[in-house]
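K.L.:
Protein chains in written order, with the working numbering: chain D, 1 to 226; chain Y, 227 to 307; chain V, 308 to 388; chain U, 389 to 1137.
Rather than coming from a laboratory, the hints here were simulated on the basis of the structure.
A portion of the hints provided could be inaccurate.
Unchecked claim - Chain D is faced by these chain Y residues, among others (derived, beta-carbon under 10 Å): (1) Met235; (2) Leu236; (3) Pro238; (4) Glu239; (5) Gln244; (6) Ile298; (7) Glu299.
Ideal placement from N, C-alpha and C gives every residue a C-beta, glycine not left out.
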Amino acid sequence: MTVRIGVVTFPGTLDDRDTQRAVRIAGAEPVPLWHRDKDLKQAEAIVLPGGFSYGDYLRAGAISRFSPVMEAVVAAARDGMPVLGICNGFQLLTETHLLPGAMLRNNHLHFVCRDQKLRVENAGTAWTADYTAGQEISIPLKNIDGRYVADERTLDELEAEGRVAFRYAGWNPNGSLRDIAGIANAAGNVVGLMPHPEHAVEPLIGTGGTDGLGFFTSILRKLVNV
Amino acid sequence: MARVVVDVMLKPEILDPQGQAVQRALPRLGYQGISDVRQGKRFELEVEGPVDDAALTRIREMAETFLANTVIEDFAVKVES
Amino acid sequence: MARVVVDVMLKPEILDPQGQAVQRALPRLGYQGISDVRQGKRFELEVEGPVDDAALTRIREMAETFLANTVIEDFAVKVES
Amino acid sequence: MTLDTVSHAAGTPETALPWAELGLKEDEYERIREILGRRPTGAELAMYSVMWSEHCSYKSSKVHLKQFGEKAPETDALLVGIGENAGVVDVGQGYAVTFKVESHNHPSYIEPYQGAATGVGGIVRDILAMGARPVAVMDPLRFGAADHPDTKRVLPGVVAGIGGYGNCLGLPNIGGEVVFDPCYQGNPLVNALCVGVMKHEDIHLAKASGAGNKVILYGARTGGDGIGGVSVLASETFDSTKPAKRPAVQVGDPFQEKLLIECTLEIFREDLVAGIQDLGGAGLSCATSELASAGSGGMRVELDTVPLRDSSLSPEEILMSESQERMCAIVEPGKVDRFLEICEKWDVIATVIGEVTEGEQLEIFWHGDKIVDVPPRSVAHEGPTYHRPYARPDWQDALQADDAGALPRPESGEELRKHVLQVVASPNQASKSWITDQYDRFVQGNTVLAQPEDAGMVRIDEESNLGVAVSTDGNGRYTKLDPYTGAQLALAESYRNVAAAGAKPLAVSDCLNFGSPEDPAVMWQFAEATRGLADACLELGTPVTGGNVSLYNQTGETAIHPTPVVAVLGVIDDVHRRTPMGFAEDGQLIYLLGDTRDELGGSAWSQVVHDHLGGLPPRVDLERERLLAEILVAASRDGMIDAAHDLSDGGLAQALTESCLKGGHGARIVVPDSIDPFVLLFSESAGRAIVTVPRSEEVRFNDMCGARGLPVTRIGIVDGDGIDVQGQFVLPLAELREAHEATIPALLA
Ligand SMILES: Nc1ncnc2c1ncn2[C@@H]1O[C@H](COP(=O)(O)OP(=O)(O)O)[C@@H](O)[C@H]1O
Ligand SMILES: [Mg+2]
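Start from the sequences and build out the full structure, keeping to the hints where you can.
P.N.:
The following block contains the structure:
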C-alpha cells in the first residue's frame, strides 16, 4: 500500500507542486489538500509547503492559520500525526502555536535566496530519521521573514529537550537566535524549518544536490514500518 | 462611522532592524539628534455602529489574537474622534 | 527625551492590499461590522533635546522626503507626552 | 453633473474639450471628429487620447518596427507572431513557449518599489493571456552611476519590488542584467521579461467574436490608479468638485495576481474562454477596443457594472484606470456559470460587464445612457502614424574618430594584473549576487541554470527533460557608437549566450529604450537600431516575436544611450546536456573559440581604466555567430565540453574570472605568440567563447571545429587556485573573489 502524504495549498502557496514532486520521488503518494478542506483525506502525514499564503500580508501565516484545513491539521498533529512545515509552513506552525517562537523580518531586511548549509541536530524526529545527528546538509534557503525568535526561557527549553532540529552552519543568513533553522515539538512529530528540502531532491535542478530527499524518505520509512 | 486605530509595535526586547536601518540612515541625510527609531504597524479600522465598551472589547480581542502576535508584539487600541 | 510619532498611511485612493487582506479575513474569524481596514506604518522617534518648532519642522521634512513617498503616501507627525 | 452622452455630444458640437491637455495634437482631434462625424464625448475622448498615445499606438516607431515583419526569416517555429500580447514559438513535443520583454521605466523612477513590481505584474499577465503558465522571469536593468546618491534610492527599491512581486507569484527569476552609467541617472531602465509554457492547443488570442458571448471582467476592483491625465476631463470640464490629482503610480497586489494566474489556468483547462486580454496600459479602453477590433462583431459594455474600489470614479476614469491585476475574457453564455464558479473558488471577483454584438460599433453605456459609440479599429489599430524626421547627429563622426585604440595600454605584467583587478571589480563587471540573491530562482523546481550563468534555463517537461533557455543583452555604449552595429551586437550576444548554455536559439523579443522621438538624432538612432536588429534577425534565422518600445527616456535635452535590449529564446532537448559556465575539473583544457582582434571601442576596459567612450564597437560577423552557436550546441550534445562561457564586456579577463570563481578552480593561461597579452585579455571581439574540454575529447573536439572551419586556440588548462597568465602575472582566486564580490555590497548594502 502506498503511503499518502497530504500537501496543503492555501491561496498564495507556491511550493505545493514541488513538494508533491518530492513526495513522489521519495516513493509516496502526494494528496493535494485545499485550504477549505475540512478533512485530511486519509493522509498519514502532512506537509505545509512554502510560499506567501494570503500574500503574507499582516504576518506570514497569520491569515492562513484560521483556514478550515488548519483546524483539522492542528487537531491531527496534537494526536501525533507527523506534520512538516517548510518556510511559510514553519511560520504557520508558529502562528498556530504548534511550535513555539515566531518568525520576523531578516535582520538585513532583504529576501535571500541561496544554497545554505545546515547541521542536523536531531535525527530522531519523524522527518529526520534518515540523517545522522551532526550531519551537514546543503539545501536552498529563500525567504524574507526567516529570523527565528523566542524568549530565552523557551530557547533554553528547546536546547535542553533536543528540540532544535537544524542549525545554520557556516553563516547565519537572517539573524535567527542561536542559529536556529528548524525546531520540533516535544513529541517529535511536528517539525518546522525555513530552508527548502523539496528543492533539493533531483540532481541538476536547483542547486543540483539531493540533500533534501531524506525528509521525505524518513517519513515514508516511518509510516511503512508502523 | 467611527475610526478605531490599533498600533502594533515589536516588544522592546526584540531587535527591530527596520527601525535601526531608518535610524542609521538619518545622519547621512543630515538629521541629527534622533537617538532611537522603532518601526511598527498602524491599522485604521472603520467601525459600523457605536464604538461602545462591547465593541472595544471585541476589537481588543481581535488585536490580541490576530492583528498582533503577542509572542513578539505589543498593541494599543485607540478611538479616533 | 521626548517621543515623536510619525504615522505613514497609503493615500485613500491608493490600493492597500494589506489592509484589504485583513478586512477580508475578519468575517471568517467571526468579526463583523468593520467596513474598511487600512494598514500603514508607525515610526516612533526618540528625540534628544527639546521638541520645539524647529525640531518638528525638521522631522516633518524628514517624513516628507524619507519616511514617506508622498506620491502614494500621506503622513502625520505627533508629539507623544 | 451632466453626463456627456453620445446624443448630448451630437447636439453640442461647439463644446470645447481639453484634447490638448490629454496629449492630442490638433489634427488628431480633427481626425477623431471626422471618424465619428461629430465631436467625441468625454469618454470617447478619454479612450482615443490614451489609445493614440505614443505608449499604446507606437505612432513614432511603427513605421520602423514594420521591418520585423517584412524581414522576418522563414521559420516553422513561429506559431503566433507580432501583434498579439506576445509571440508564441513551437519548441517541439507539442509544447509552445511564449515570451516577451516590457519596460516600466518612468514609474520605477518615481516609486521604485511599486513601479518595478507592477512592471513584473504587467508582463506576467501578457504571458498568461496567451494561454500559458508563466514559468520564469528576467529583469534587464539600467541605473545611473553606481556611486550616485540617487542610485541608492532607486536600485534597492527596484530590486525589492521585482523580488517582492515575482517571489510572491512563485516565478523563478533566472537572469537579467544590471548596468550602471551616468546617462541613466534620471531615467533608469526597468525592463521585465516573462516566459510561459503551454501545449499548442492551449494558445489563446485576444479577440471578441460570436455575437451573444459575454464580456467578463475579473480580478481586482477598479480604482483611481494611473489616470493622472484624464482627471482633467473630470475636474476641469465636467465636474470641478472632484479631486483633481489622481496618482500616476499604481500599487501592485502580487497575491491577487497569483490568484488570477491559478484561476485563469483552471479556466483554460476547462476550455471556458473564446478570447482573453489582460488589462495593462489604458485599462478597459484598451482591453475592450482591442478585443472588439480583433473580433468579428461589435461589443456592448455596461460600464456601471464594473466593480469599483472608489465609488466616486467618473466613467472616463473607469475607462482609463490602470488598476493592476485585472483580466477580461469573452465567454460563451453556456460557460459563464462555470467560469464564475472557478473565480469564486479562487476568491477572484468576476462580473459580466457586456456582450459581443452583431453590430460593428463598440458601445459603452453608463446607467443606460450611451456614452461611447465608436468603430473599435479606429481606437485600437488605426491610430496616427508619424514619419518623424531623423538625421545622423553631427557629433557622431567625432565620437567614432575618438578611437579607444589610442588610449595608453598597460606596459608590464604587473600593470596588466592591476587592470584585470580594476575591471572585474568595477560596478558593471562586479558580481551582482547581492541583487540576484534577493530573487527566488528555485521555485517551481525546474530551474536548471540561473544567474550568473550565460542564460537562464528551465525544464518544461519532467519526463522528456525538454527545456528552454533565455538570455537578455544590450550594450548602450556600443549602440551609442554605432546604433546599427550596437543592436546587432545585442542580438549576437544574447544568441551566443543561449548557445553557450547548450540550447539552440529560436526566436527573439526586444525592448527598445530610447530618448525623445522628437529629436531627429534620437530618431536616427532608433531607425538604425531597428534596421540593424531586423537585418540580423533575418540573417540568424531568429524571428522577432514581439516586444516593446520605450521612448522619451531623457532628461532635458540629454537622451540616454540608445539601449535596445534583446532577448533570445532557445530550446534544448534534454536539460542534462546543458553546459554550465564554471570550471569544474583540474586538468581540462581551455579553448578560445573565434578570432580575437584589437577591438576596444566601447569596451569595459576603456570605461573603467580611462572613463572613455569613443571609436567603433566590435565588428559583427553573423555567419560566424551562427557557426559558433552550432559548435557550442553540438559539443554540448555530444559531451565534448564540460563548461562554456561567452566572451563579451570585459573580454577574456572577465570570462576567465567568472568561470574560475563559479567553479572554484584556477586557470593556467599561455598567451599565443600571435597575440598581444593585453589584446587577448581585454579585447571585446564578438563571436567568441571559451570552453573546457576533457583530455579524452580533445581530438574529437578539434576535428569537429576544424571540419567546420571555426578557428580555435588552446589557451591553457584548468589548474590551481589562481589565474596564472604565464610570463605576465598570477592572481590568486581569493584576491579575485574579493575584488569581484565586494563592490556591489559596499556601494549598496
Ligand atoms: N520593439 C518591438 N519589437 C517587436 N514587437 C514589438 C515591439 N514593440 C511592440 N511590439 C509589439 O507590438 C504589439 C503591441 O505592443 P503592446 O501595446 O506593448 O502590447 P501589450 O499592450 O499587450 O503589452 C505587441 O504584439 C508587441 O509585441
Ligand atoms: Mg497585453
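K.L.:
Does each hint hold? Answer for all of them.
P.N.:
Status of each hint after checking the structure:
no. : hint   : in the structure
1   : Met235 : violated (13 Å)
2   : Leu236 : holds (8 Å)
3   : Pro238 : violated (13 Å)
4   : Glu239 : holds (8 Å)
5   : Gln244 : holds (6 Å)
6   : Ile298 : holds (5 Å)
7   : Glu299 : holds (9 Å)
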